[in-house]
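Please work from the sequences and hints to get the whole structure.
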Amino acid sequence: MILLSSNYPDGICYVETMNLDGETNLKIKQALEVTLDLKEDIKFREVRQTIKCEDPNANLYSFVGSMEWKGQQYPLSPHQLLLRDSKLRNTDYIYGAVIFTGHDTKVMQNATDPPSKRSTIEKKMDKIIYILMSSLLMIALLGSVFFGIWTKEDIRDGKLKRWYLRPDASTIFYDPKRAALASFFHLLTALMLYSYFIPISLYISIEMVKLLQALFINQDIEMYHEESDKPTHARTSNLNEELGMVDTILSDETGTLTCNMMEFIKCSIAGTAYGQGVTEVERAMAVRKGFRLDDDIENGGHKDNKIDDSPHVNGFNFKDPRIMDGNWIHEPNRDMIRDFFRLLAICHTCIAEKDENGKISYEAESPDEAAFVIAARELGFEFYKRSLTTIIIREWDPSQNVVEKRKYELLNILEFSSSRKRMSVIVKEPEGRILLLSKGADSVMFKRLARNGRKFEEDTRRHINEYSDSGLRTLVLAYRVLDDKEYKEFNEKLNAAKTSVSADRDEKIEQAADSIETDLILLGATAVEDKLQKGVPECIDKLAQAGIKIWVLTGDKMETAINIGFACSLLRQGMTQIIITLEQPDIIALEKNGDKLTIAKASKQRVMDQIEVGIKQIPPSTHVSTESFALIIDGKSLTYALEDDVKLKFLDLAIKCASVICCRSSPKQKALVTRLVKQVTHKVTLAIGDGANDVGMLQEADIGVGISGAEGMQAVMASDVAVAQFRFLERLLLVHGHWCYRRISVMV
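By the count of full-length UniProt numbering, the sequence shown reaches residue 748 at its end, each step adding exactly one.
No lab work stands behind these hints: they were computed from the structure.
Relax, there's no trap hidden among the hints.
With a Cα cut of at most 25 angstroms, we get these calculated BS3-like pairs of lysine-lysine:
#1 Lys43 <-> Lys70
#2 Lys407 <-> Lys27
#3 Lys604 <-> Lys649
#4 Lys230 <-> Lys542
#5 Lys683 <-> Lys649
#6 Lys123 <-> Lys683
#7 Lys542 <-> Lys531
#8 Lys498 <-> Lys508
#9 Lys668 <-> Lys117
#10 Lys27 <-> Lys354
#11 Lys117 <-> Lys127
#12 Lys636 <-> Lys601
Predicted model, so just to flag it, every value in this text is computed and none were measured.
Here you go:
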């Protein structure tokens with residue numbers, strides 16, 4: 001429905017969309033200003049409005065429409081749209097206009113019929129039953145044919161051959177005059193008598209055994225996760241023995257191998273790196289190189305104890321005496337440090353919530369966002385309150401030791417999208433300057449810097465690469481000052497784009513945002529750590545020893561994915577990495593000025609060449625070689641690798657590798673890769689994931705394992721087995737799977 005008004009004066013309401021996209025955080029929806037006063041039922045008497053909007057479709061994140069109100073046209077966007085299956089939170093009531101119902105709603109449009117999954121043993125048993133059935137028919141047919149011939153010969157020229165059967169006075173079943181009919185009745189009798197030849201009861205026995213096996217899985221205390229109070233749950237009992245036949249595991253990375261709990265751990269400001277924490281990936285790297293990292297030695301012993309006394313804050317693991325406790329005021333570029341943390345406190349879409357004790361907690365759209373706001377708060381720049389048009393920051397001034405409230409006027413939010421890879425806000429400072437504050441991925445931000453804003457670019461790039469090597473997720477922060485005239489022009493352009501009801505409206509908005517997000521001045525970069533789940537490296541090691549191939553399909557950057565690969569022992573020292581990527585100078589140059597067809601052709605050719613080179617590197621199976629290989633491919637290349645004429649070659653290469661990592665892959669690509677592996681290898685595949693973006697992959701695989709983690713229940717609902725942690729997979733496959741398979745085979 002379209003939101004018209006709510007109990008908040010500015011017409012906002014909070015919704016949770018966990019059932020749609022797996023995100024547990026609240027999102028703000030915003031009514032149009034013209035409908036804000038519709039707060040009582042009686043006011044709806046005079047309402048004569050017309051809403052024009054797009055046809056029903058499955059796209060959750062876009063909506064184009066307009067509302068005619070008292071002769072004026074007002075544009076509608078996803079901000080006014082409340083989707084079916086989302087929940088209203090922190091809001092007393094809303095008024096809205098329903099636009100789609102039933103099968104027209106976006107949720108219903110997105111639903112796919114879940115595939116029916118049957119285990120290999122069941123399919124094999126069906127074949128055996130068919131064979132038995134046909135042999136039964138053969139035996140009965142043969143018997144009845146001979147029976148017919150012999151019955152016919154019982155009376156020959158008035159003589160009785162088998163006189164003791166009294167064929168002259170027999171019933172229809174033995175009547176020589178109607179031998180054909182007698183033969184048919186004998187066929188039916190034979191079918192009934194020999195029916196024990198078919199073990200029909202086996203199906204029932206197997207079902208009972210499987211039910212008990214599923215109970216074993218559900219009741220296993222070693223696969224119970226105490227912190228979240230979640231046991232392992234076999235949601236279907238007919239795939240138990242498949243667990244013992246798994247050949248390939250396809251796993252998601254964020255939230256599956258990692259915890260999806262982000263912690264702000266390092267940052268680079270004005271070319272200086274701050275933060276002395278040690279990440280798990282760095283520890284793993286140190287162990288690989290053969291020396292141990294000791295936190296105390298790192299931080300100079302005595303200082304560390306003082307810091308560790310402070311209670312641990314979720315989402316914040318930053319240690320650096322140069323910045324903490326207001327010491328940043330003594331740094332040479334303290335103005336930039338102040339701007340850096342102000343940007344963290346202002347440039348986001350979080351909501352601040354106050355509890356009874358006056359403590360503030362944050363609802364954020366992603367764990368990364370929350371980590372930034374918490375980091376800013378811990379370092380003295382507390383995001384305190386937001387309304388539609390203002391953001392209030394409580395800033396601690398170490399030089400005078402006072403906390404002052406700064407009120408920023410919020411002019412525009414240019415939102416993050418996967419194509420833009422950045423987010424900006426435009427605010428007016430209390431002093432009157434208009435600022436554009438922006439944060440985004442290094443791939444897009446460095447291109448947008450001004451000539452005079454690149455002072456620390458080299459150092460920052462170096463730090464970002466170091467952070468990526470340590471398995472951290474990085475973002476670049478930059479800003480610029482706008483003059484009134486420039487802002488006014490931009491605002492008109494943006495409003496014109498927003499009010500157009502054409503199909504390319506989103507593109508127009510993007511162009512407007514694009515035009516202002518240039519000539520930025522670089523402040524620095526942040527690094528947050530997504531911690532590995534407990535026991536992941538050991539589990540992956542065990543599974544690899546069992547000869548199971550593991551593929552990781554992730555939306556992360558290649559560097560991050562490779563480092564997490566090393567940390568969870570998916571990639572090992574001495575493995576040969578075969579990397580297939582289109583991030584190469586000549587292809588990038590083509591993309592800048594070529595047309596789409598040329599780019600596609602060149603890219604496809606490049607991917608095919610790289611696959612050929614990879615296949616040549618791997619010795620044929622007749623040679624005994626101790627060397628193992630890892631294949632790493634990015635999302636762009638994957639698009640071409642999955643095309644019909646390339647996919648078999650790609651799979652051929654992938655199957656020969658011990659580990660495969662696909663970076664930057666979309667939910668659809670995850671499902672396509674799973675389908676490819678399943679169809680071509682004809683071996684059992686298992687997919688494991690935790691978010692709504694893994695649902696396609698879980699449904700496509702022979703067995704889908706959902707992780708009941710922080711990303712909602714979407715994956716669990718689509719899965720066949722639900723576990724609480726990745727490490728339980730080891731016991732599920734190597735103990736339960738092994739025994740279920742063995743016991744059922746013996747029984748059959």
